[in-house]
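Given the coordinates of chain X, assemble chains B and V onto it according to the supplied hints.
Chains X, B and V supply the protein sequences, listed in that same order. Take the first sequence: its position 370, counting from 1, is numbered 370 in UniProt numbering, and each next residue is one higher. Take the second sequence: its position 368, counting from 1, is numbered 368 in UniProt numbering, and each next residue is one higher. Take the third sequence: its position 278, counting from 1, is numbered 278 in UniProt numbering, and each next residue is one higher.
A hint or two may mislead.
No distinction is drawn between identical chains; accordingly, a pair holds when it is met within one copy or between any pair of copies.
Taking lysine-lysine and the DSS-like style, the derived pairs with C-alpha atoms no more than 30 Å apart in a straight line are [what the hints assert, rightly or not]:
no.	residue 1	residue 2
1	224	154
2	221	365
3	221	118
4	45	118
5	224	279
6	118	279
7	154	221
8	365	224
The set of hints was computed from the structure by calculation and includes no laboratory data. All values reported here derive from a predicted model rather than from experimental measurement.
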Amino acid sequence: MLKNTIMRWKLPLVCFIWETAMIVLFGVFARYDIGADPHWSEYKKANNISSDSENDFYYRYPSFQDVHVMIFVGFGFLMTFLKKYGFGSVSFNFLLAAFGVQWAILMQGWLHTFEGGKIHVSVIDAGGSMTIHTFGAYFGLTVAWILHRRNLSKSSSNEGSNYQADLFSMIGTLFLWMYWPSFNSAVSNTGDAQHRAALNTYCSLAASVLTTVAISSLTNKSGKLSMVHIQNATLAGGVAVGTAAEMYLTMYGALIVGFICGIVSTLGYVYLSPFLSSKLGLHDTCGINNLHGMPGIIGGIVGAVTAACATVGVYTLDGMNEMFRFTGDFAGRSPSTQGGYQAAGIFVSLAFAFVGGTIVGLILKLPIWGEPSDENCFVDVVYWELPEEEPDDVEAAKQYVTHAPDQFKEINKD
Amino acid sequence: MLKNTIMRWKLPLVCFIWETAMIVLFGVFARYDIGADPHWSEYKKANNISSDSENDFYYRYPSFQDVHVMIFVGFGFLMTFLKKYGFGSVSFNFLLAAFGVQWAILMQGWLHTFEGGKIHVSVIDAGGSMTIHTFGAYFGLTVAWILHRRNLSKSSSNEGSNYQADLFSMIGTLFLWMYWPSFNSAVSNTGDAQHRAALNTYCSLAASVLTTVAISSLTNKSGKLSMVHIQNATLAGGVAVGTAAEMYLTMYGALIVGFICGIVSTLGYVYLSPFLSSKLGLHDTCGINNLHGMPGIIGGIVGAVTAACATVGVYTLDGMNEMFRFTGDFAGRSPSTQGGYQAAGIFVSLAFAFVGGTIVGLILKLPIWGEPSDENCFVDVVYWELPEEEPDDVEAAKQYVTHAPDQFKEINKD
Amino acid sequence: MLKNTIMRWKLPLVCFIWETAMIVLFGVFARYDIGADPHWSEYKKANNISSDSENDFYYRYPSFQDVHVMIFVGFGFLMTFLKKYGFGSVSFNFLLAAFGVQWAILMQGWLHTFEGGKIHVSVIDAGGSMTIHTFGAYFGLTVAWILHRRNLSKSSSNEGSNYQADLFSMIGTLFLWMYWPSFNSAVSNTGDAQHRAALNTYCSLAASVLTTVAISSLTNKSGKLSMVHIQNATLAGGVAVGTAAEMYLTMYGALIVGFICGIVSTLGYVYLSPFLSSKLGLHDTCGINNLHGMPGIIGGIVGAVTAACATVGVYTLDGMNEMFRFTGDFAGRSPSTQGGYQAAGIFVSLAFAFVGGTIVGLILKLPIWGEPSDENCFVDVVYWELPEEEPDDVEAAKQYVTHAPDQFKEINKD
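Okay, chain X solo, but in the shape it has when bound (with noise of 0.2 Å):
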């Protein structure tokens, strides 16, 4: 079973055949976007720009940046909580990442800008969208439903957490916490859109922090706080407000919206989780539930209620033609039917995600993909060279026997 694991050819030939794909496919599609390119002099004359502040670069990179921090650093580290896989969270989120990046960079140059053949790219669009958590959520949850293992209990032992263990993960959720404003804003129309963006998730992070503490404390019988919820449930307000984020949500509405999302997200993780795994056979090792689908089906409502409620009166006709991208095909449509596209928006994401998690899940129970023995799951040494660990208990303890000989003695008198 433990041979199946041996990734020498496996990992390198999707790697090489994956790069070499998109260098083929980057050399074909990809070019320079104007603001990126040599001819930007001559397109700053003729469109009567005077600075090069105003080349998309300055607005947009600052969040990009702040974004990558999240993905890098954020989640990296976020998921270094376990004690023996911290060198596969932060090592395979980097790979993941980087292999993520350069496809988002052609899947949204082919959605968005195909242009006589080719695509045109800019400071890359970082992501936001309305149902990426949800979506995201239910689909790696349905994939981890579909490849449960009975037998999993035997790398129980190895499915938690040490004390420094849990101080990197805090690296990651304060990475996470700090830049959910850039990443909420970050796609945001320039101006008040992203100004009202960055508010709206600041205001709703800061309270889903305290209601985190307070139902952690409350939940447990000694009162004493759990490094899991502080690690994750204090972001499910950023989750949450989303959607409605750069909408005109108001600050308190957003502290509502993190008030109650830090409390079902922790009420999650006490309750839920253990539920679902004992009776559902549905094993959710880093709260994905919890952090990602509970508040993204609550921001999902919150943004198609704080659609639907959407007046001339406090967006100016202009403004709520270009939030809700009334215009063209969508000219006319009234802020009810956007509520009501957008609550049947979060339906259709739930249909897609578990009917994409099945087939997924399907594949991967192929014998094929070298997956690890029931007995050695959540643990590094299976796909990493590990440093030695130099005998240091073995020789305390050799010491203490060899200093305190008296005790042994005194011991072995009874």
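Positioned in the frame of chain X, the structure of chains B and V alone reads:
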């Protein structure tokens, strides 16, 4: 005594009441400022603003994010140097900061933008007031002095670092050091003042590093360096240059300030802290007096002198009036008067710190707060569910004993 | 021998003399540039600048901060992979960087803005010169080669990582990786060149990650990955694209550069470093040759070829002249000549590196520097007061022995 530490009802109650109060107060008072309001487009037109880049968001958001990294990652991790208090350090800092930012939005709104019963919230003013370090340090030290425990030495084995904890702490130090120029310049006037504040802070910080290393080595009988100095005293230059950062301090002036403060702060750790603890009963675990207290006072004096020396030739008339707010009621005030007022301000903030600290200290002495017993200070286990550590050592000892029985026999022969 | 390592007078003396020299030199030479001077307002009026956003501070400060994170957190933590040298890694990097930035301000001032006996300091130019990696790497390697110790193997048990140290090191890797686009674009011309430099660097880095993982797995007999490759070779793409980053390299060109350098760098760690160490006596602890040396040379060649292929059709005439500085004395130079000069530049920097490294190496061989003995390399204890580690293991061993005396009796029965 230990029973007191159960926070199961107290902590959740405080969190819920506080956050509910925030929601109500935000609902009543807080409104989006024009830069975050959909009427921004109309405002732009009415005020002949041609580009979204003039929205305050684009001037302030990067500095705002830097300051957030300082507060959440910087201070949170700086305090993880305590080997058994890492969870508390990083998480209680997180909780207090999430409390604090909401309160700060309201307070600053009431003080600065209260109009027609509402406050107008834009990108948040993240601080940097003239007296924040001095006031904060001596307020906290007064509280600590009143709360002094006669038998704290029972916890002395807990009050220390270990190798990993000191490295985690350096994450905090470095992010504080790097972003201190953003902190000191965050609330400066845009343009040359902000530019100058960043430059001066940077020079002062760099000089602090060198003199900290020098004194750390010089005061150790083997010339060995101490991590606690590197973690803290290297930042003293940033504190001390706070008041004068945006003034025409000159770069060599900033270097001199940093030079002196690296020395004073490190000497404080080596000689003053132990003296205060043993003779005056003032126990200053993380050396607040050395990092914020004394450098804050030095900074106040530097600021007063630099202000008193201001001339129209250096600043231009407009520049001087703008820098020192010689407008409205203060029109026509002279630099030397300004310097005198700033010097007086140091004493006023010290007085407020001692009086306020005494009151709060006495309140915290009331036996209702669930403080840990004298044996249980500086340890997470009082307030946290800790991960079960694997009995690696025991296991190692067992294996050693099992596999090397000869030595044991030998021992027991004696 | 150990006596030599006492730095009590040498280190403080060096710090004080250096910092005092800095204060004097800054006092004599350094002045605020116009963007940081109170006369900025008058300058704006005189030059028809309408907005403070045109102050260089707002263009350069975010990149400047990113590069600082790379220098202080990135390189500082990357080097903490040595399990017993974490304090030295992060702190000596901190000290040298604080030295370095002050020196850099002066040097760049003398070279670029010296006028009327003064230099004018604005936001600091953080580097990225064409030959920085190649020169730095081979300079350092030459020094290391001259300082080679025959008996370094006595320290070989210290020269390695452990699980926690490798995770700390990944903090460094990720911040370097994420901000490398800022580093390569920090000193580019504003507008399209800066935009393009960030994009190209990003593509090259992403490709490096995939081929690094591939080769790391492929060269291990069980297909297991090695952390040292992930920590270092993933960055090789950023080094190699440095020279050509702002040129019209095309994105698939950048992907190809990263693809190749991930392979070359990882192979260097696997095969070349052990060979150089055992055969040539060149001991390269952190693989400088693999991360900066070889990728730097590749980058120089890529830059020379890309420059030689430049055409007016791609760059526009103005763009080409601005990109390659074909102005003043260089007006009319052809791209192919430029490419030739750049290729020659590689050899010039290699020559300077070898000669300079030899001289410095010989100076460092003088017996006045207090270097550690052969047994004490790679350990903090020589230069640092280390925290006392609690005898947890001993305690655990003791408890085990006390609570399980039966087994001991059994052992002793034999």
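We went through each hint and held it up to the structure:
With identical chains, the CA atoms of residue 224 and residue 154 are at most 30 Å apart both within one copy (28 Å) and between copies (23 Å). Within a single copy, residue 221 and residue 365 get their C-alpha atoms only as close as 40 Å, which misses the 30 Å cut-off; across copies the closest is 26 Å, which meets it. Taking the shortest Cα distances, residue 221 and residue 118 never come within 30 Å of each other, neither inside one copy (61 Å) nor across copies (43 Å). In the homo-oligomer, the alpha carbons of residue 45 and residue 118 lie at most 30 Å apart inside one protomer (24 Å), although the nearest pairing across protomers, at 37 Å, exceeds that limit.
For the identical chains of this complex, residue 224 and residue 279 are intra-copy neighbours only, at 27 Å inside a copy versus 36 Å across copies, given an alpha-carbon limit of 30 Å. In this assembly of identical chains, residue 118 and residue 279 lie within 30 Å of each other by CA distance neither inside one copy nor across copies; the values are 51 Å within and 51 Å between. In this assembly of identical chains, residue 154 and residue 221 lie within 30 Å of each other by CA distance both inside one copy and across copies; the values are 28 Å within and 27 Å between. For the homomeric pair residue 365 and residue 224, the shortest alpha-carbon distance between copies (22 Å) is at most 30 Å, but the shortest distance inside one copy (40 Å) is not.
Checked against the numbered hints given earlier, this structure breaks hints 3, 6; the rest are met.
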